[in-house]
Amino acid sequence: MVELNANREIQNPYNQMPDFTVELKKFENSTTLDFSPYQSAEVQLLSPLSNNENLPGLGISQGPDLFLPDVQIEPTNDFKGEQRLAQRGLTKEIPEAPSPPSDGSDQLKPAQPKTSDLPANARIALAAERNAEAKPWVGSRYEPQVHNGRLAGAAAVSMVLQDIGYDYADSANVGKLSSQLEQKGWQKVPLDQAKPGDVIYGGRLGKDWRAGGGNAHIGIVGQDGKVWHNDSKTGNWQADSVASSFPPEKYGEQVWVLRPPQANIPDKPVPDGPVRPDRAHPPSPGRDHRPRPHYVPEDVTPRPDDYSPRPGDDPNIRPEDSERNIEANKRILKKAAANVDRRLWAQSDFANSVKGGRLGCAASVSEVLKMSGFHYANSAGVGGLVDILKQQGWTRVPLSQAQAGDVVYGGKPGTRWWEGGGNAHIGVVGEDGQVFHNSSGRKRWVQDNLTTVFNSKRFGDNRWALRPPRNG
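The opening position of the sequence shown corresponds to residue 1105 in our numbering, with each subsequent residue numbered one higher.
Treat the hints with care, as some may be off.
Derived SDA-like pairs (lysine to any residue); straight-line CA-CA distance at most 20 Å [claimed, not checked]: (1) Lys1299 <-> Ser1336; (2) Lys1439 <-> Lys1288; (3) Lys1330 <-> Ala1315; (4) Lys1439 <-> Leu1362; (5) Lys1494 <-> Glu1535; (6) Lys1354 <-> Asp1312; (7) Lys1330 <-> Ala1224; (8) Lys1354 <-> Asn1433; (9) Lys1547 <-> Asn1433; (10) Lys1288 <-> Pro1223; (11) Lys1330 <-> Lys1288.
Computed Cβ-Cβ distance ranges for the label pairs, DEER-style [as the list claims (entries may be wrong)]: (12) Gln1507 <-> Asp1328: 58 to 68 Å; (13) Leu1309 <-> Gly1460: 20 to 30 Å; (14) Gly1329 <-> Lys1516: 27 to 37 Å; (15) Val1379 <-> Lys1561: 45 to 55 Å; (16) Arg1562 <-> Asp1312: 40 to 50 Å; (17) Lys1337 <-> Thr1519: 18 to 28 Å; (18) Asp1296 <-> Asp1552: 15 to 25 Å.
Don't read these hints as lab results, they were simulated from the structure. Virtual Cβ for every residue (Gly too), placed ideally from N, Cα, C.
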């Protein structure tokens, strides 16, 4: 046993775990310390205490975790005792080591570091693990877009990263999310060098996978060769093997890994678990509300009357209500008119999934509404965008009562138009019988005649308008 009344900084030259300080008092020649969440490592005295009171050398060995390589720590020559600390870089200060327990055990355990102080990879890996069996996409703005979790891979990863401070990770599209990360300094590394906390993504062979539609996948590398990802069948966040998450016969060598930058790490603590209300328990069809199309079970066929009038829809708009709405309508109309001839869909989150603008109507309307202050409006599907607006208090009115600045939409009779695929259309009502909308042929935001675009031959009676809320 040696007596060391001193603090000693232990610094990892590989920058894979934070520097830390451990106070050595009564220390066996070989003592195991707990460096949670990095697991444990053995700290050894490498040389006896010298007569000139210098600290002995220390070494970390037998580090079982990827974040603890073997490290040699050299002693300082000018140390004279009495609470002096070698100042080299940043340190993680650990409270004074406790006295050995009365049961005779001499194991020393430094306090666990705050999750906000962990290295980038460790924080991301921990966040991924703490979301196990949750549905990170539920309660997010991507929820209406991901078909009840079937296409929620990028949305789930975005939310896991946002929850720990990576706010720029913001897309339900794998191609766009991976581009966002690279633009912020994430570096591509070989697949065989992936480590926990890296983001892994891939695109299917022979597919335009950047356009979305289930031809790409993304997840977060976990421990033991596992990948945390959204399961397309259940919508749950779970860990599976790389091979099952990215089957070689479907992805081939089109699987890549992105490593987070080690500088400018967000200081937001890692949540203890899922953070959005009910995110682990999506609404069921039995709840007391109209089932939204993206929550309809596979064995239940959605009906057009899902969009029939319901409480909250008012066919008789009162004059005083129109006065309260007029400012919101003016904002929307102004932005709609100011963006004519622009490819609004190309600046949206869905640029890679709307067939080059041919299916860009909802994405374009979303952009106009966000410019007008309705930041929750974000969907590439007409049904999804209609749902979002209704949830935020927009009121459906007959098309005959539509006014400039209202949102107008329609769906082809006899189709499941609310699921997308070109069977629906949406735009913004203009003045004097006009409408602003994305033209599928011209692939840009244009102004046309309202009744020509939303004609009864194409849409029958499935034509409505949505008015912004009074406090919009």
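Checked hints:
1. Lys1299 <-> Ser1336: Violated - the C-alpha atoms of Ser1336 and Lys1299 are around 24 Å apart, more than 20 Å.
2. Lys1439 <-> Lys1288: Answer violated: Lys1439 to Lys1288 is near 30 Å, above 20 Å.
3. Lys1330 <-> Ala1315: 26 Å, violated
4. Lys1439 <-> Leu1362: Roughly 38 Å between the alpha carbons, so the hint for Lys1439 and Leu1362 is violated.
5. Lys1494 <-> Glu1535: 23 Å, violated
6. Lys1354 <-> Asp1312: 13 Å, holds
7. Lys1330 <-> Ala1224: 18 Å, holds
8. Lys1354 <-> Asn1433: Given that 20 Å is the threshold and the Cα spacing comes to 48 Å, the pair is violated.
9. Lys1547 <-> Asn1433: 25 Å, violated
10. Lys1288 <-> Pro1223: 17 Å, holds
11. Lys1330 <-> Lys1288: 25 Å, violated
12. Gln1507 <-> Asp1328: 58 to 68 Å: Once the Cβ atoms are compared, 60 Å apart, the range 58 to 68 Å for Asp1328 and Gln1507 holds.
13. Leu1309 <-> Gly1460: 20 to 30 Å: 22 Å, holds
14. Gly1329 <-> Lys1516: 27 to 37 Å: About 48 Å separates the Cβ atoms of Gly1329 and Lys1516, which means 27 to 37 Å is violated.
15. Val1379 <-> Lys1561: 45 to 55 Å: 48 Å Cβ-Cβ, so the 45 to 55 Å window holds.
16. Arg1562 <-> Asp1312: 40 to 50 Å: 28 Å Cβ-Cβ, so the 40 to 50 Å window is violated.
17. Lys1337 <-> Thr1519: 18 to 28 Å: 26 Å, holds
18. Asp1296 <-> Asp1552: 15 to 25 Å: 55 Å, violated
The structure fails hints 1, 2, 3, 4, 5, 8, 9, 11, 14, 16 and 18 (numbered hints given earlier, in ascending order).
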